[in-house]
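Colleague: Since the structure of chain B is already known, use the hints to place chain H on it.
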Amino acid sequence: MATRQTQILGRSVTAPSVLLLLAWSLAPLAATIYFSFTYYNLLNPASGQFVGIDNYSYFLTDPAFLASLKNTLVLVGSVLVITVVLGTLVAVLMNQPVIGLNIVRLMVIAPFFVMPTVSALVWKNLLMHPVSGLFAWIANSLGLHPIDWFANAPMLAVILIVAWQWLPFATLILLTALQSLDGEQLEAAEMDGAGPFSTFFYITLAHLARPITVVILIETIFLLSVFAEIFVTTGGGPGLATTNIAFLIYSQALIQYDVGGASAGGIVAVILANIVATFLVRLVGKNLEA
Amino acid sequence: MASITLQGVRKTFGAVEVIPGVDLAIEDKSFVVFVGPSGCGKSTLLRLIAGLEDVTAGQIRIDGVDVVQVPPAKRGLSMVFQSYALYPHMSVRGNIAFALKMAGMNKAEIDRRVTAAAATLNLTPYLDRKPRDLSGGQRQRVAIGRAIVREPKGFLFDEPLSNLDAALRVQMRLEIATLQKSLGTTAIYVTHDQVEAMTMADKIVVLNAGRIEQYGSPLELYERPANLFVAGFIGSPKMNFVTGAPAAALGAATIGVRPEHVAVRPGADGPRGSWSGRVTVAEHLGSDTFLFADTELGTVTVRAAGEIGLKPGDSVRLIPDSARIHRFDQAGRAIRG
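Chains as they are written, first to last, in the working numbering: chain B, 1 to 290; chain H, 1001 to 1337.
FYI, nobody ran anything at the bench for these hints, they're computed from the structure.
There may be inaccurate statements among the hints.
[As the list claims (entries may be wrong)] Calculated cross-link-like contacts (lysine to aspartate or glutamate; reagent style DMTMM-like; alpha-carbon spacing at most 20 Å):
| # | chain 1 | residue 1 | chain 2 | residue 2 |
| --- | --- | --- | --- | --- |
| 1 | H | 1153 | B | 190 |
| 2 | H | 1238 | H | 1296 |
| 3 | H | 1238 | H | 1321 |
| 4 | H | 1203 | H | 1223 |
| 5 | H | 1074 | H | 1063 |
| 6 | H | 1107 | H | 1151 |
| 7 | H | 1153 | B | 187 |
| 8 | H | 1153 | H | 1028 |
| 9 | H | 1101 | H | 1128 |
| 10 | H | 1074 | B | 187 |
| 11 | H | 1130 | B | 184 |
| 12 | H | 1238 | H | 1193 |
| 13 | H | 1130 | B | 182 |
| 14 | H | 1029 | H | 1063 |
| 15 | H | 1238 | H | 1288 |
| 16 | H | 1074 | B | 190 |
| 17 | H | 1153 | H | 1063 |
| 18 | H | 1181 | H | 1028 |
| 19 | H | 1101 | B | 190 |
| 20 | H | 1101 | B | 187 |
| 21 | H | 1101 | H | 1111 |
| 22 | H | 1238 | H | 1260 |
| 23 | H | 1107 | H | 1128 |
| 24 | H | 1029 | H | 1175 |
| 25 | B | 124 | B | 148 |
| 26 | H | 1203 | H | 1175 |
| 27 | H | 1074 | B | 184 |
[Unchecked claim] Sample of chain H residues with no beta-carbon within 12 Å of chain B, all distances over it, derived:
| # | residue |
| --- | --- |
| 28 | 1008 |
| 29 | 1135 |
| 30 | 1169 |
| 31 | 1192 |
| 32 | 1275 |
| 33 | 1280 |
Since we're looking at a predicted model, the values are computed, not measured.
Idealized CB from N, CA, C, for every residue including glycine.
Only chain B is shown next, with the shape it has when bound in the complex:
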């Protein structure tokens, strides 16, 4: 790939697919931007006129917007904390030589292969159901009053489900990183008199700084758009208790049939995601240099 000839050849051969890809992602974005400036309601045949920034001011001044923004941040933040902390601990445990490690590994990774809708349904009906769920049964057999998760602690319930789904991802990345930790470094620390806790904080955790950054970046991208789990379990409620930005946009478009307002919400979400991403990259991105 060094000569000018191969460079030109490479570019001209990849150009069609790059252009197609560009069109593929730019066309929907352009359409969304266009709709966001028009009045467009699926129930109203007389829609299509240009309304300026009305959709935006409507969406941004809606009290549901601030509530769902807060919910989004709470959801993303909590799931990140849970998966990174637990993921690190589980990875450290799984890095020990234990009998049956392959089976344990498979079990830990399994949740990642379950579709969000399916796992949400399992959690809703088999685990967290206040009458027939496993948690209710445990509470009853301990003589406690079962918790009605989706009525009394809806956000916590959603956080638990999403964290359960993303824990394997964090564990997997951190485990592979741990396996690349130089054994002689650990022995050097042992010779230097570091106990298990000092070794964990000074050597292991420091070694994991970079993979943890990767986990945070990737998870944030996906957690900002959590939808299926909310849709299946709480439907955004009770009230607005579990409505995040993605769900708010959905309800705007397909419950209120307001495509224009939803488009404006979509553009706002894109801008918000970019702001979050910028902060995140600034904050933790320096870990990825060199």
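Modeller: Chain H in isolation, oriented as in the chain B frame:
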């Protein structure tokens, strides 16, 4: 500043016996080198002394105290690893200070010691750099700094120079030997490089398959190898071994003569006891010439000083120095007297 004594030390990994039983006394302030082919157990022995592996049986005494049950950090030994094992996210200062910090030493004392160690090793300008910004030789120095700052009773070196280029290796070899002498700290040094062993050691331990073949000063090993293994392992190029009639004539099963103790003369005629051969390869090093000659006894290596005008295919007469022929019995042990 300690004597280290091994008594009946055994180590098995599962069913595999790596060290069948080693007795060794290392004197205070001496520099002892463990040398042997790869897989001979020299690193394992070092790790047993360090405490990174548990002994299966036997005692390891440091200054007379059995340390078999003592954790590595409490044995008062520090180790330099082959990969240096520097902590990549800590500065040079952090690396050197880590052990002291773990020992709970106060800041002023840590600073004083780190500064002193850095000055000894010419690391002062690099104290705030990360290991990845250092060259191989500098990383090696940091690893040594980490070892000396604890003021240990003994240093353990596990093939520390094997990742350096040849020139740097010679320089670091000298620095390590000088440093050890000036600190007067007992040192154990593992290597497979016999040049390192010969130049640095007060005493060499030659290991083979977990057994000590010979323990002695470098020249003792060179001049009076205890058996065939040591005779073949120490010295470069390798000693020539001859079996059969010439050996039987001297009352031995095998005789050995070092390449530097064989004189070479062009032509086919020579005195009694000399061997005729044909040069197959001549390696010209400038200072020396290594000749490989085919004889009726097999290939004989000759090391001649300076440059001699012999080419492959030339007939030569090889005259071993009869005073420096080593004799070995059937079991491979040296015959003395």
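Colleague: For a quick check of understanding: which of the numbered hints are violated here, in increasing order?
Modeller: Every hint satisfied by this model.
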